[in-house]
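All chains, full assembly: derive it from the sequences and hints.
Chains as they are written, first to last, in this note's numbering: chain F, 1 to 313; chain S, 1001 to 1334.
Hints listed in this document are in silico derivations from the structure and should not be mistaken for laboratory results. Owing to the predicted nature of the structure, the values given are computational and were not obtained by experimental measurement. Glycine is no exception: its CB is placed at the ideal position from the N, C-alpha and C atoms. Misleading hints may appear alongside valid ones.
Residues on chain S that point at chain F, a partial pick, calculated with CB under 8 angstroms [to be verified]:
1. Gly1080
2. Val1084
3. Arg1182
4. Thr1243
5. Asn1250
6. Leu1251
7. Arg1255
8. His1264
9. Gln1270
SDA-like cross-link-like pairs, simulated, lysine to any residue; straight-line CA separation at most 20 angstroms [claimed, not checked]:
10. F/Lys234 x S/Ser1257
11. F/Lys137 x F/Met301
12. S/Lys1061 x S/Lys1276
13. F/Lys137 x S/Ala1075
14. S/Lys1137 x F/Ser255
15. S/Lys1129 x S/Leu1117
16. F/Lys302 x S/Cys1233
17. S/Lys1249 x F/Ser231
18. F/Lys262 x S/Gln1270
19. F/Lys287 x F/Gly271
20. S/Lys1215 x S/Phe1030
21. S/Lys1093 x S/Lys1129
22. S/Lys1026 x S/Val1042
23. S/Lys1224 x S/Ala1075
24. F/Lys304 x S/Glu1006
25. S/Lys1071 x S/Val1163
26. F/Lys137 x S/Ser1257
27. F/Lys262 x S/Arg1182
28. F/Lys215 x F/Asn73
29. F/Lys248 x S/Gln1270
30. S/Lys1249 x F/Gly271
31. F/Lys248 x S/Met1001
32. S/Lys1010 x S/His1038
33. F/Lys83 x F/Tyr94
34. F/Lys297 x S/Met1022
35. F/Lys137 x S/Pro1256
36. F/Lys248 x S/Met1178
37. F/Lys302 x S/Glu1006
38. S/Lys1023 x S/Val1042
39. F/Lys31 x F/Val41
40. F/Lys248 x F/Gly271
One letter stands for each residue in the lines below.
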Amino acid sequence: MECTRCGKDSTISTRGEKFCDDCFVDFLNRKIRPQLTHFRVNGSPDSKTVSPLIVVPINFRAASLALVDMLVNMRKLQMQKHKQMDGFRILCLYIGDLSDDVSWPWPEVDFEQIELNVSSIEQPIGIDSDTLTRSSKQDLEKIMTRQMILAYAKKHEAFTAFAYSMTKLSEITLAETVKGRGANLPALVTPDLMLDKVVYPLRDITSSELEKYCKITGLNKYIIPDAPVPSVTKRQSIDEIVHLYFTKVQEEFPSVVSTVSKISSRLSQTGEECGLCQPRYIGKSVKLCYACASIAKETEMKRKLDILDMYEL
Amino acid sequence: MKPVCENCFKNDAALKRPRNGMKVCKECFFMLFETEIHQTIVDNQLFARNETVAIGASGGKDSTVLASVLKTLNARYDYGVNFVLLSIDEGIKGYRDDSLETVKRNQVQYDMPLEILSYDKLYGWTMDKIVAQIGKKNNCTYCGVFRRQALDRGCVQNSIGHVVTGHNADDVAETVLMNLMRGDIQRLDRCCDIVTGDSSSRVKRSKPLMYCYEKEIVLYAHYKNLDYFSTECTYSPEAFRGTARALIKNLEAVRPSAILDVIHSGKQFQLSKKSKARQVRAVQCSQCSYISSNTVCKACVLLNGLNASEPKLRLTEDEGGAALPVRVLEKLQF
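Pasting the structure below:
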């Protein structure tokens, strides 16, 4: 079959269209532009204004590597077209430990690493991560990672571009609904250029398309594989169950992913006050939302059981 | 050694409550389960004294437990409510005819009047006939739309203004996820309301078992030896709903509170101003004057489709004509 755009031999079939490798990469690179209209080249070559900074959180999975590649390409194109002027600068951020054998594909792009510090939030909120179930522990780590990214971006007066694909956004929507964070859903998955300064450039691209992108562009070799998911359902986390569900359901009902990813944009932005998962209340409130209160309850229950054990009751 | 009941600390625990893992004896389980439903009724002011309330009874576990618990609570807390069993006969041979027998026994067991309305009488179609016409693919849509309206019509015919249904927490959570996955924002907004039906609808509907886990309903029915019908509908359930149900069960295995957490999220969802502006207002159906979001209600649309596709001419038994001897001969057996 021929590529519907250039007539060369097609290698990929997606969205009812046949693509060759080059056209597919070009197609995805264009897909992120509608989400980044705020970062057009602005001003004249002699103006001294600095273009805005975009912090891109990296986890060395296909989506984040593809996003950096696309942003690098977009910036190069801007500089070519506008006499070396750009619309944004890129800074990549990794939260957590990183082994020495991991290599960074873009020497020209700034890269920073910060240790994940879950304990900083535990004490004021009354949560001890050692007492939590695997699911809640994962949840807490994700919340903390997000908070640290947003705090870092705020400190640098930067925007944050989360590498969430359409598939990932729908997984977050469903998983957070299941955890009881329905009220805070819009704050977690809808772009906000004013308050939190967050964008989701990959929101129109599926995870399988991003995997293909990495394969074509050779970014595959930089990917750190996901940790294995336990095969027994009881040991899986909520995020893992939802991820497996979407992997299965999109084969039979392909439209579900795009439907779910768009639903939060039709919901009101009124969130529950929470000193753990809501950036605007962190440090200002010790009140917890319904979902975070359930995590805190696990610590409380564990402490009660420990006391009962201590007195052999 | 058997564990002690964590509620009364006297009897041996007989079961572990699926909703919170609490180990309780049978008596405490009955009391806790019933009290929680009573609390739901009181908190939401579901009933008024001297009100007549219809219980949508299918003969299944949910409606049987609902009837049993409401009778108990009505006597214990003196609600002063008159309960009536209201059953809908969808006309499904081998399923509904058997379950209706259970409802008839429930009528005697709970000493409540019983009203049975059939699709055949209301719409001129049974589900068996509908499936023969349209196949098994979308038959649940027809059954659901017709049943909803049939319950309302049954109430109006008997001058009843309130119908309670046996929807449990698992059903509601499943509906939240289904609406989310279908992108049905209007239904997502109201599917967690315990009372539905506004001033424009003639019949108020409520779900007193909305916070009860399906597993606890089964346990209650089992330990109370309730007489219920437990066969699945012969027309298989929707494939998509099946995936949502499986997801809920997996989530419940990991975190038992997941069902209530989904309901909590469902209650928190609020439409954006834009989506609210697009919300359709309820009007009366131009054909049957039933409450509808369009000029013609969904039941009438489906019914019109069925009637239009039905063959205009049909051979009947008593019809004479030249072909009669041949038809008689065809039926002869030696």
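These are the hints, each one checked on the structure:
A least Cβ separation of about 35 angstroms between S/Gly1080 and chain F goes past the 8 angstroms threshold, and the interface hint is therefore violated. At a threshold of 8 angstroms, the smallest CB-CB gap from S/Val1084 to chain F is about 36 angstroms, leaving the interface hint violated. For S/Arg1182, the shortest C-beta to C-beta distance to chain F is roughly 7 angstroms, which falls under 8 angstroms, so the interface hint holds. The beta carbon of S/Thr1243 is positioned within 8 angstroms of a beta carbon in chain F (closest approach about 6 angstroms), and the interface hint is therefore held.
Given the 8 angstroms rule on beta carbons, the hint for S/Asn1250 holds: about 5 angstroms separates it from the nearest Cβ of chain F. Look at S/Leu1251: its Cβ gets to within about 6 angstroms of chain F, closer than 8 angstroms, so that hint holds up. The interface hint given for S/Arg1255 is met, as the beta carbon of that residue sits about 6 angstroms from the closest beta carbon of chain F, less than 8 angstroms. Hint status for S/His1264 relative to chain F: holds, with the closest Cβ pair at about 5 angstroms, below 8 angstroms.
Satisfaction of the interface hint for S/Gln1270 is found here, the shortest Cβ-Cβ separation to chain F being roughly 4 angstroms, below the 8 angstroms cut-off. Simply put, F/Lys234 and S/Ser1257 have alpha-carbon atoms about 14 angstroms apart, close enough for the 20 angstroms limit, and the pair holds. With a CA separation close to 15 angstroms, the supplied pair F/Lys137 and F/Met301 stays within the 20 angstroms bound. With a C-alpha separation of about 37 angstroms, the suggested pairing of S/Lys1061 with S/Lys1276 is violated against the 20 angstroms cut-off.
At most 20 angstroms may separate the alpha-carbon atoms for a hinted pair to count; F/Lys137 and S/Ala1075 exceed this at roughly 47 angstroms. Among the hinted pairs, S/Lys1137 with F/Ser255 is consistent with the structure: their alpha-carbon atoms are about 19 angstroms apart, no more than 20 angstroms. Straight-line distance between C-alpha atoms of S/Lys1129 and S/Leu1117 comes to about 17 angstroms, which keeps the hinted pair within the 20 angstroms bound. Taking the CA atoms of F/Lys302 and S/Cys1233, the gap is about 44 angstroms. The hint is violated against a cut of 20 angstroms.
Of the supplied pair hints, the one linking S/Lys1249 and F/Ser231 holds, its CA atoms being roughly 16 angstroms apart against a limit of 20 angstroms. Of the supplied pair hints, the one linking F/Lys262 and S/Gln1270 holds, its CA atoms being roughly 15 angstroms apart against a limit of 20 angstroms. For a cut-off of 20 angstroms, the pair hint linking F/Lys287 to F/Gly271 stands: about 13 angstroms separates their Cα positions. Simply put, S/Lys1215 and S/Phe1030 have alpha-carbon atoms about 14 angstroms apart, close enough for the 20 angstroms limit, and the pair holds.
Among the hinted pairs, S/Lys1093 with S/Lys1129 is consistent with the structure: their alpha-carbon atoms are about 11 angstroms apart, no more than 20 angstroms. Straight-line distance between C-alpha atoms of S/Lys1026 and S/Val1042 comes to about 24 angstroms, which puts the hinted pair past the 20 angstroms bound. Of the pairs offered as hints, the one joining S/Lys1224 and S/Ala1075 holds, with about 17 angstroms between alpha carbons and a cut-off of 20 angstroms not exceeded. This hinted pair checks out: F/Lys304 and S/Glu1006 have alpha carbons roughly 15 angstroms apart, not beyond 20 angstroms.
For the given pair, S/Lys1071 sits about 15 angstroms from S/Val1163 by alpha-carbon distance, which is consistent with the 20 angstroms threshold. Of the supplied pair hints, the one linking F/Lys137 and S/Ser1257 holds, its CA atoms being roughly 16 angstroms apart against a limit of 20 angstroms. For the hint pairing F/Lys262 with S/Arg1182, the CA-to-CA distance comes to about 11 angstroms; that is within 20 angstroms, so the pair holds. At roughly 17 angstroms between alpha-carbon atoms, F/Lys215 and F/Asn73 fall within 20 angstroms of each other, so this suggested pair holds.
Distance hint between F/Lys248 and S/Gln1270 is unfulfilled; the C-alpha atoms sit about 29 angstroms from each other, more than 20 angstroms. Proximity of S/Lys1249 to F/Gly271 is assessed by CA-CA distance (about 28 angstroms); at most 20 angstroms being required, the pair is judged violated. The hinted pair formed by F/Lys248 and S/Met1001 fails the criterion: a straight-line CA distance of about 44 angstroms is larger than 20 angstroms. The suggested pairing of S/Lys1010 with S/His1038 is violated, with an alpha-carbon distance near 24 angstroms, which exceeds 20 angstroms.
Proposed proximity of F/Lys83 and F/Tyr94 is contradicted: the alpha carbons are some 32 angstroms apart, above 20 angstroms. For the given pair, F/Lys297 sits about 15 angstroms from S/Met1022 by alpha-carbon distance, which is consistent with the 20 angstroms threshold. At roughly 16 angstroms between alpha-carbon atoms, F/Lys137 and S/Pro1256 fall within 20 angstroms of each other, so this suggested pair holds. Taken as a hint, the F/Lys248 and S/Met1178 pair is honoured in the structure, with Cα atoms around 16 angstroms apart against an allowance of 20 angstroms.
Between F/Lys302 and S/Glu1006 the CA atoms are separated by roughly 17 angstroms; this keeps the pair inside 20 angstroms, and the hint holds. The suggested pairing of S/Lys1023 with S/Val1042 is violated, with an alpha-carbon distance near 26 angstroms, which exceeds 20 angstroms. Among the hinted pairs, F/Lys31 with F/Val41 is consistent with the structure: their alpha-carbon atoms are about 18 angstroms apart, no more than 20 angstroms. For the proposed pair F/Lys248 and F/Gly271, the alpha carbon gap of about 31 angstroms is over 20 angstroms, so the pair is violated.
Hint violations for this structure: numbers 1, 2, 12, 13, 16, 22, 29, 30, 31, 32, 33, 38, 40, all remaining hints satisfied.
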